[in-house]
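Line by line, the protein sequences give chains B and G.
Heads up, the first sequence is in our numbering, so the first residue is 11 and it goes up one at a time.
Heads up, the second sequence is in our numbering, so the first residue is 11 and it goes up one at a time.
Fair warning: there could be bad hints in the mix.
Covered by chain G, according to a simulated footprint, are these stretches of chain B (three or more residues, beta-carbon under 8 Å) [said to hold, decoys possible]: (1) 72–83; (2) 118–124; (3) 147–156; (4) 222–230.
Keep in mind that the hints were calculated from the coordinates and are not lab data.
Small disclaimer: the values here were computed from a predicted structure and weren't measured.
All residues carry an ideal CB built from backbone N, CA and C; glycine is no exception.
Residues per chain, in single letters:
There are 2 protein chains.
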Amino acid sequence: MRAPSHGSPAVILFSGGLDSTTCLAQARADGHRCHALSFDYGQRHTAELTAARHIAASAGVAEHKCVRIDFDGMGGSALTDARIDVPEAPSEGIPSTYVPARNTLFLSVALGWAEILEADAIYIGVNAVDYSGYPDCRPEFIAAFEKLARLATKAGAEDGHRFAIRTPLIDLSKADIIRKGTALGVDYSQTVSCYQADDRGRACGVCDACRLRRKGFEDAAIADPTRYWTGD
Amino acid sequence: MRAPSHGSPAVILFSGGLDSTTCLAQARADGHRCHALSFDYGQRHTAELTAARHIAASAGVAEHKCVRIDFDGMGGSALTDARIDVPEAPSEGIPSTYVPARNTLFLSVALGWAEILEADAIYIGVNAVDYSGYPDCRPEFIAAFEKLARLATKAGAEDGHRFAIRTPLIDLSKADIIRKGTALGVDYSQTVSCYQADDRGRACGVCDACRLRRKGFEDAAIADPTRYWTGD
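For reference, chain B alone in the conformation it holds in the complex (with noise of 0.2 Å):
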């Protein structure tokens, strides 16, 4: 992996979740003046927007932008459409929180920003150990869509330009990643996991994302901060 070059602009894709505000604490250890994006794309928890804008603003990124898509109505997933219920146990095979293409679709709209900013690295907190079966979360996904970048854009045709697709997680467990974190600074209190957490930020404790995370917390035996609605 090169060494990015110090103050050099990234783009974080940044939910304000566990796994993506490390990779943004991972960006600026990297010494990247970081671009954090997030997207509201009706999805269930967006609690967990609300916690991206407080968490982007005490991190001191260059800026923080969120991007709005409306599907009109196509639906597909449990984490979009209302209709499908967020599963409280582990299932067979992919979940139905699986969004279709999703981020396919986020790492596109990065690339776009990343050519405007002339960044050359995009940072994604995909994982392929905890992960929940999600196809696009898989190293082959990232080295196709790192290859596409180059051919996609303006800067790749005519300059040669590599945008690097980033993913500092990709190997870790969920312990791993929360030791790595706490290592780095990172205030876990503050981020939303949960699949359907309430709209102050509280976690459900049942859900596929709730499960993995306090797994991860007893693992890398580090107090979980997390607070959850039966907490009270």
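Dock chain G against the given chain B, drawing on the hints supplied.
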């Protein structure tokens, strides 16, 4: 190219312009049930979207969705940033109407919808002959996206499903596109190509898109039905 099964769903990227309207006609001729997909992303020529709605309705598509994207002020193109002028004379290299990573983004949304619909084809009216120099209109870009689509999706990961990206116009001159569409019964008077059409859909006659279109009708020796501001 595999023949599509009759009545199988296809997603058609559809702006209401000359190329995408021809592409839609081709998808219908190929026997697909057509799901037309437009975008409202703050582009200057909203007359194109009005045209898209009318054409989709009269072409008998199964469904027409318009996905709205608010880029939160990212800018970067003459088409989305009012501070950048639309060029009215040919320019060297990639012109200022280039929208960073636009086709990657459009194809990503189309891919998500195709997965929900269980469609096996996505049509896009890119053209590498009379094109305006955009990198994401080249065959190598399309091939890279097709590869990505298999890796990015649940259908690709679990079942080896392949999403074909169909580019029926890619090798055609503008005159050939017009000949093809005319043979397929397209009424080009309804289509809007101009980058700065007025709110009645009338074209400026001088932008890149207008110049290419006008020359196409001349070369095809087909009467140009385009309505120009200056034509009154």
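*Do three or more residues from the region 72–83 of chain B put their C-beta atoms closer than 8 Å to C-beta atoms of chain G?*
Since 9 is at least three, the answer is holds.
*asked:* Verify this for me: three or more residues of the region 118–124 of chain B with a beta carbon less than 8 Å from a beta carbon of chain G.
replied: holds (count 5)
*Under a C-beta cut-off of less than 8 Å, do 3 or more residues of the region 222–230 of chain B approach chain G closely enough to confirm the stated coverage?*
With 0 residues close enough to chain G, the hint is violated.
_Can you tell me if the region 147–156 of chain B counts as covered by chain G, using C-beta to C-beta distances under 8 Å and a minimum of three residues?_
holds (count 5)
This entry does not satisfy hint 4, going by the numbered hints stated previously; all others are met.
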